[in-house]
Amino acid sequence: MQQEEHALIKQCAEGIADTYAILVERHKDMVYNVAYRMLGDADLAQDLAQESFISAYNNLKNFRYDSKFSTWLYSIVINKCRDNLRSRQHHVPLDESPDIASSVANPEEEASGKQIMDKIQSALNMLPEDYREVIVLKHIEGLDYREMEAVLNVSVNALKVKTHRGREMLKRLLKEMGVLDE
Amino acid sequence: MNKNTDIIRKLIDGEFSQEEEKAALRLIESDPLQKEELDLLRKTIRIAGNCERKSAPHSFTSEVMRELTPHTKVKMERLQDFFFRQRMVRWNIAAAVAAVFFVAILGGGIFYIQKKDSRISSLSPETMITVRFEFYSPEAKSVSLAGDFNKWSTDEALMKKQGDGIWTIDIPLKPKMYSYMFVIDGKVWAEDPKSDSYHDDGFGNKNSVVRVSTS
Chain A
1 MQQEEHALIK QCAEGIADTY AILVERHKDM VYNVAYRMLG DADLAQDLAQ ESFISAYNNL
61 KNFRYDSKFS TWLYSIVINK CRDNLRSRQH HVPLDESPDI ASSVANPEEE ASGKQIMDKI
121 QSALNMLPED YREVIVLKHI EGLDYREMEA VLNVSVNALK VKTHRGREML KRLLKEMGVL
181 DE
Chain B
183 MNKNTDIIRK LIDGEFSQEE EKAALRLIES DPLQKEELDL LRKTIRIAGN CERKSAPHSF
243 TSEVMRELTP HTKVKMERLQ DFFFRQRMVR WNIAAAVAAV FFVAILGGGI FYIQKKDSRI
303 SSLSPETMIT VRFEFYSPEA KSVSLAGDFN KWSTDEALMK KQGDGIWTID IPLKPKMYSY
363 MFVIDGKVWA EDPKSDSYHD DGFGNKNSVV RVSTS
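Chains as they are written, first to last, in our numbering: chain A, 1 to 182; chain B, 183 to 397.
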């Protein structure tokens with residue numbers, strides 16, 4: 001799989017752009033899902049996921065063939081999300097800041113799968129950016145710490161500590177939202 | 183991170199051996215608060231892991247591919263526009279006569295260019311030299327030849343299996359230096375052990391090189 005993928009990348013780097021469609025088709029859901037979970041907005045996630053693929057294509061000459069293409073894509077989309085989140089920090093009015101109270105379900109509302117999903121996304125949105133990254137990569141995308149080290153360029157030991165703190169914070173948020181009682 | 187927190191983290195990350203895990207669980211379960219902490223963290227992780235995976239929209243790939251070649255597209259659109267846009271032309275006799283002369287001169291030029299080109303292309307086949315490529319791979323189900331002469335296509339030049347696991351193909355090439363590789367079963371890229379020389383492709387791999395000459 002990896003060798004076949006490297007052959008496709010090589011063809012793209014040689015200028016056969018059509019081959020890139022195969023790679024985009026193969027990884028689009030993964031890149032989109034990461035962007036969606038990081039940003040919590042479908043339209044923005046689509047824009048950033050597409051930008052990620054375009055950046056990857058324009059920088060194929062920098063791709064290192066000793067790593068997986070997916071690892072490289074994870075790095076690119078995470079960086080795009082960071083840039084976006086940081087630019088938004090300067091523009092979000094205070095009254096639009098995350099508020100746990102507004103995310104807690106009305107007790108009279110019926111519990112449903114969609115409501116739980118919305119609450120999980122709200123909780124993710126409230127996590128600090130670096131905790132959100134590790135939770136998304138480790139527990140939603142299912143990466144191991146070695147892959148996360150390659151994506152985030154942070155040591156495995158530091159990632160273990162950060163991931164656990166992220167879990168603790170997510171647990172606290174979900175508990176306050178009543179998700180863990182359901 | 184305090185000792186119990188670290189034990190809980192290791193339990194969640196599966197870092198303990200079987201024996202260590204049993205001892206760690208005994209320790210944590212002896213304290214109701216620690217046990218609750220472990221249970222809630224496990225539930226949190228399960229909920230996060232069961233998050234619905236969002237799928238990219240159907241048009242996603244085509245939109246990316248459209249963005250990759252915007253300049254080419256703009257050029258093509260301009261070219262189409264130049265030839266096919268409806269124009270209003272005001273005629274008078276002097277302009278018509280000038281146009282007839284212009285078309286006559288232009289037509290002659292095109293005729294001359296076409297004649298020159300056909301002379302060149304009629305020479306091309308004589309300069310082509312058939313080169314036989316051979317590759318030994320008895321286990322392979324298919325082998326193809328990919329090189330800069332076929333834009334590194336992996337399925338254009340399929341080789342034929344001869345006896346003793348040798349795969350061959352004859353390719354007509356103009357005298358020049360070419361880079362190439364063999365592609366085994368459509369996946370594995372292999373260099374030619376009998377290559378004239380090799381050169382680095384800039385991506386950490388080595389391409390085989392063949393020099394085609396008339397001498």
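If you are wondering where the hints come from, they were derived from the structure by calculation, not from laboratory data.
Everything numeric in this text was worked out from a predicted model, so none of it was measured.
Every residue, glycine too, gets a C-beta built ideally from N, C-alpha and C.
Be aware that one or more of the hints could be misleading.
A few chain B residues that face chain A, going by a derived Cβ cut-off under 8 Å, partial list only [stated by the list, open to error]:
no.: 1; residue: E201
no.: 2; residue: A205
no.: 3; residue: M247
Calculated lysine-lysine pairs in the DSS-like style (CA-CA distance at most 30 Å, straight line) [to be verified]:
no.: 4; chain 1: A; residue 1: K160; chain 2: B; residue 2: K356
no.: 5; chain 1: A; residue 1: K114; chain 2: B; residue 2: K185
no.: 6; chain 1: B; residue 1: K185; chain 2: A; residue 2: K162
no.: 7; chain 1: B; residue 1: K369; chain 2: B; residue 2: K323
no.: 8; chain 1: B; residue 1: K217; chain 2: A; residue 2: K61
no.: 9; chain 1: B; residue 1: K185; chain 2: A; residue 2: K68
Handout entry: Violated hints - listed by number, lowest first
Key = 1, 2, 4, 5, 8, 9
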